[in-house]
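Enquirer: Letter by letter, the chains look like this.
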Amino acid sequence: MTAFWFAPTSPRTLAILRIGLAVVLLVDVLGHWPHVVESYSSAGRPMTPFASTGEWLPVPTPFVAVAATAALAFGLASAAVGFLTRFSLLTSVVLLTWLSLLDFPQTLTKYTAIATHLLLLLSLSGTSHVWSVDAWLFGGPDRVRLASAWPQRLMQLLVCHVYLGAAVTKWRLHFATGDTLAYSLVDDRWAGGWFGLDAGSWLAADTRLLVLASFATVAFEFAFPLLVWFRRTRRPMLLAAVLFHLGMAGFLSLRVFTPLMLVGLVAFVRERDLHWLPTAGAREVVPSPGSGVRWGRLAAAVLVWFGLGVGALTLGVAVQRASDPYGVFGNGRPLVLERLTAKEAEELLSEGPVPAVARVHRVALGTRSNEWQVFGDAERLGGGDELHVVVQFVRERPPVNVEIVLVDPGDEPVEVRSGYAPSSVTRWRGAFVLPRKAETGDWSVEVFVQGELVERRVVRVD
Amino acid sequence: MWIRRVPAAVFVLAYLVALGVGTYSQILGDARLPAAAGYYVTWDMFPGHRGTSERVLVVGETEEGEHVLLYPSPRQRWRGGLHGDLTRLDFAGAPLTGASAEWLDEEVALSVAAHDEAWPDDPVRHVDVVREFWPSRTNLTEASRSDDLALTGDADAPARSREIVLSVHADEFRSQPGDVAGQGSAE
Numbered sequence: 116m117t118a119f120w121f122a123p124t125s126p127r128t129l130a131i132l133r134i135g136l137a138v139v140l141l142v143d144v145l146g147h148w149p150h151v152v153e154s155y156s157s158a159g160r161p162m163t164p165f166a167s168t169g170e171w172l173p174v175p176t177p178f179v180a181v182a183a184t185a186a187l188a189f190g191l192a193s194a195a196v197g198f199l200t201r202f203s204l205l206t207s208v209v210l211l212t213w214l215s216l217l218d219f220p221q222t223l224t225k226y227t228a229i230a231t232h233l234l235l236l237l238s239l240s241g242t243s244h245v246w247s248v249d250a251w252l253f254g255g256p257d258r259v260r261l262a263s264a265w266p267q268r269l270m271q272l273l274v275c276h277v278y279l280g281a282a283v284t285k286w287r288l289h290f291a292t293g294d295t296l297a298y299s300l301v302d303d304r305w306a307g308g309w310f311g312l313d314a315g316s317w318l319a320a321d322t323r324l325l326v327l328a329s330f331a332t333v334a335f336e337f338a339f340p341l342l343v344w345f346r347r348t349r350r351p352m353l354l355a356a357v358l359f360h361l362g363m364a365g366f367l368s369l370r371v372f373t374p375l376m377l378v379g380l381v382a383f384v385r386e387r388d389l390h391w392l393p394t395a396g397a398r399e400v401v402p403s404p405g406s407g408v409r410w411g412r413l414a415a416a417v418l419v420w421f422g423l424g425v426g427a428l429t430l431g432v433a434v435q436r437a438s439d440p441y442g443v444f445g446n447g448r449p450l451v452l453e454r455l456t457a458k459e460a461e462e463l464l465s466e467g468p469v470p471a472v473a474r475v476h477r478v479a480l481g482t483r484s485n486e487w488q489v490f491g492d493a494e495r496l497g498g499g500d501e502l503h504v505v506v507q508f509v510r511e512r513p514p515v516n517v518e519i520v521l522v523d524p525g526d527e528p529v530e531v532r533s534g535y536a537p538s539s540v541t542r543w544r545g546a547f548v549l550p551r552k553a554e555t556g557d558w559s560v561e562v563f564v565q566g567e568l569v570e571r572r573v574v575r576v577d
Numbered sequence: 009m010w011i012r013r014v015p016a017a018v019f020v021l022a023y024l025v026a027l028g029v030g031t032y033s034q035i036l037g038d039a040r041l042p043a044a045a046g047y048y049v050t051w052d053m054f055p056g057h058r059g060t061s062e063r064v065l066v067v068g069e070t071e072e073g074e075h076v077l078l079y080p081s082p083r084q085r086w087r088g089g090l091h092g093d094l095t096r097l098d099f100a101g102a103p104l105t106g107a108s109a110e111w112l113d114e115e116v117a118l119s120v121a122a123h124d125e126a127w128p129d130d131p132v133r134h135v136d137v138v139r140e141f142w143p144s145r146t147n148l149t150e151a152s153r154s155d156d157l158a159l160t161g162d163a164d165a166p167a168r169s170r171e172i173v174l175s176v177h178a179d180e181f182r183s184q185p186g187d188v189a190g191q192g193s194a195e
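Protein sequences, first through last, are from chains A and B. Just so you know, we're using our numbering here: the first sequence kicks off at 116 and counts up by one. Just so you know, we're using our numbering here: the second sequence kicks off at 9 and counts up by one.
Just so you know, these hints were derived from the structure itself, not from any lab. Beta carbons: idealized from backbone N, C-alpha and C, even for Gly. Hints may be right or wrong, so weigh each one.
Below, computed lysine to any residue pairings styled on SDA-like, alpha-carbon distance capped at 20 Å [what the hints assert, rightly or not]:
| no. | chain 1 | residue 1 | chain 2 | residue 2 |
| --- | --- | --- | --- | --- |
| 1 | A | K225 | B | R13 |
| 2 | A | K458 | B | Y23 |
| 3 | A | K225 | B | E140 |
| 4 | A | K458 | B | E171 |
| 5 | A | K225 | B | Y23 |
| 6 | A | K225 | A | T429 |
Taking beta-carbon pairs under 8 Å as the criterion, some of the chain A residues facing chain B (in silico) [said to hold, decoys possible]:
| no. | residue |
| --- | --- |
| 7 | E153 |
| 8 | Q221 |
| 9 | T231 |
| 10 | V283 |
| 11 | G307 |
| 12 | L341 |
| 13 | W344 |
| 14 | F345 |
| 15 | R347 |
| 16 | L450 |
| 17 | P470 |
Residues of chain A placed beyond 12 Å of chain B at every Cβ, according to the derived structure [what the hints assert, rightly or not]:
| no. | residue |
| --- | --- |
| 18 | V277 |
| 19 | V432 |
| 20 | N516 |
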């Protein structure tokens with residue numbers, strides 16, 4: 116157990132993790148840059164997530180918010196190059212936590228929380244012992260100081276904890292029905308994937324794929340924390356995790372969640388996986404406390420770090436002042452409310468009953484069904500075949516009456532099934548048996564909700 | 009060496025306890041930690057989407073019968089979502105309840121004040137808070153599934169329904185900042 120936590124290990128994995136994490140977060144911070152005033156400053160009125168934090172969390176002025184964001188970007192950049200690494204990482208932890216708590220709709224996400232953990236643990240690690248300015252300044256060209264294993268172990272446990280927690284959440288949400296995944300894939304807030312393709316709708320269209328994908332997701336998230344620790348299964352699990360996250364990025368617009376988790380997985384990379392990287396002939400040594408501190412260089416480094424930091428802050432504030440999109444620095448145009456035309460106002464203020472189609476998520480036809488979905492090809496049927504219809508509703512809706520009508524090729528209703536769907540149910544099912552000597556041609560199924568026709572599906576009878 | 013390990017061991021232990029409490033909270037659904045702390049040790053990435061999207065708009069009518077969009081205002085420049093029309097408030101989950109409603113209330117008050125200052129002869133007289141909602145692409149049947157993936161920008165915007173959740177005199181937003189927007193009934 117002592118060796119598990121405290122054995123000296125190569126810092127190269129930690130260095131890759133540091134560089135990757137800092138770059139990913141830097142990209143994310145720069146993405147927030149145009150809206151810093153709105154998201155984090157008193158001029159934009161931040162949205163704090165928890166009543167308790169709203170009471171004590173200082174809300175910065177626009178100037179301070181811009182300066183803090185610029186400082187965060189500088190902290191991440193200096194962490195990436197490993198310049199006063201520990202201090203840079205801790206600075207980033209403090210600023211990221213503060214700013215994210217000011218803006219829960221956009222900045223405080225679960226990936227921000229994961230990133231905060233990783234930054235904190237990295238700051239306590241020996242990540243700067245290699246591939247860093249610090250190593251160049253304070254180490255030696257011919258040696259790499261080893262690092263204690265425990266921060267990396269905690270990062271590994273964190274990644275496992277994330278998967279386990281996500282699996283438990285999905286399990287509690289009855290994720291395996293595919294519904295939660297389907298609603299997520301088509302949610303206007305998160306839909307989209309690679310290259311702007313709406314791949315989520317493509318996946319959401321197939322209920323069988325949805326169920327299989329949901330099962331696979333939960334199975335992976337339960338399996339990873341168990342199997343990644345074994346020699347034989349470590350690499351397959353890491354490969355599965357990489358594919359899992361790349362796949363997720365293909366179907367959902369999750370910003371930097373995918374690259375962040377890919378970086379987090381680096382915590383499981385071992386030294387022997389990195390044999391192809393250049394070592395420059397460095398000799399690995401166990402650091403001894405108190406030795407090798409070059410105070411003169413340290414003082415100079417601190418001065419340079421602060422100088423560069425002040426420069427970054429100045430540049431950031433100057434850029435925001437020059438563009439001033441929110442008009443808070445006196446350089447932008449005054450903010451003028453949008454006047455609506457009479458037609459626009461009439462449209463926005465037009466209340467009407469919610470169309471029944473808005474209550475329905477999906478209508479599915481098949482030749483057999485279980486309690487939540489249909490199977491079999493219902494587009495071509497023969498006399499005596501069963502025709503099953505499942506109407507799936509959106510969540511949070513009022514109770515509705517449902518009616519399905521089987522219509523023959525002559526447009527005459529043949530059979531009707533009707534029922535009541537309370538708001539607590541997600542689906543309503545009905546079934547017909549086609550007459551043994553059904554007339555060949557195009558039959559149809561009409562679905563009515565609250566008396567409104569919401570769907571008409573053609574069934575070819577041969 | 010051992011003296012360096014003691015603080016490390018204490019930190020490791022504390023960290024493991026925190027993760028353990030997070031696991032306990034998630035498995036049993038028992039939130040033992042304060043919300044802010046709990047957020048950092050629980051991983052409920054699927055909060056349960058509803059299959060319906062919505063956004064909030066606030067329309068003001070002036071004394072002369074003109075209409076202005078009080079929310080979103082130029083103070084809300086960030087936009088997101090598939091159609092690029094959702095504000096941060098719309099991403100906040102339930103935008104017309106609790107703290108979000110108070111936030112909207114104060115934003116509308118600021119917009120009313122800004123308008124009154126810009127057009128002192130034609131102040132805002134009436135305010136309508138509108139909830140606009142639409143199904144998230146209904147009826148994704150396999151029959152509708154295309155072999156060619158559509159670009160998100162090409163996706164047809166579904167028909168939107170609107171509900172006026174609050175219709176009040178603008179003075180409500182001038183005199184008593186508070187939970188005005190939240191007084192309306194959401195569906």
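Enquirer: Hinted pair, alpha-carbon criterion (20 Å max): K225 of chain A, T429 of chain A. Please report holds or violated.
Expert: 31 Å, violated
Enquirer: Beyond 12 Å from chain B, beta-carbon-wise, is V432 of chain A?
Expert: Holds, because the least Cβ-Cβ distance between V432 of chain A and chain B comes to about 19 Å, which exceeds 12 Å.
Enquirer: With a cut-off of 8 Å, does the beta carbon of F345 of chain A approach a beta carbon of chain B closely enough for the hint to hold?
Expert: 21 Å, violated
Enquirer: Holds or violated: K225 of chain A with Y23 of chain B, Cα cutoff 20 Å?
Expert: 18 Å, holds
Enquirer: Between the alpha carbons of K225 of chain A and R13 of chain B, is the straight-line distance 20 Å or under?
Expert: 31 Å, violated
Enquirer: With a cut-off of 8 Å on the beta carbons, see whether T231 of chain A makes it to chain B.
Expert: 7 Å, holds
Enquirer: Return the status of the interface hint for Q221 of chain A: holds when the least beta-carbon distance to chain B is below 8 Å, violated otherwise.
Expert: 6 Å, holds
Enquirer: Would the hint on L450 of chain A be counted as holding, given a Cβ-Cβ threshold of 8 Å to chain B?
Expert: 4 Å, holds
Enquirer: With chain B as the partner, please determine if R347 of chain A meets the hint condition of a C-beta pair closer than 8 Å.
Expert: 26 Å, violated
Enquirer: Assess, step by step, whether the Cα of K458 of chain A is no farther than 20 Å from the Cα of E171 of chain B, and give holds or violated.
Expert: It holds: about 17 Å lies between the C-alpha atoms, which stays within 20 Å.
Enquirer: Identify whether the interface hint at L341 of chain A stands, where standing means a beta carbon of chain B within less than 8 Å of its own.
Expert: 14 Å, violated
Enquirer: Against chain B, does N516 of chain A keep a CB gap of more than 12 Å to every residue?
Expert: About 18 Å separates N516 of chain A from the closest Cβ of chain B, which puts it past 12 Å; holds.
Checked against the numbered hints listed earlier, the structure breaks hints 1, 2, 3, 6, 12, 13, 14, 15 and 18; every other hint is satisfied.
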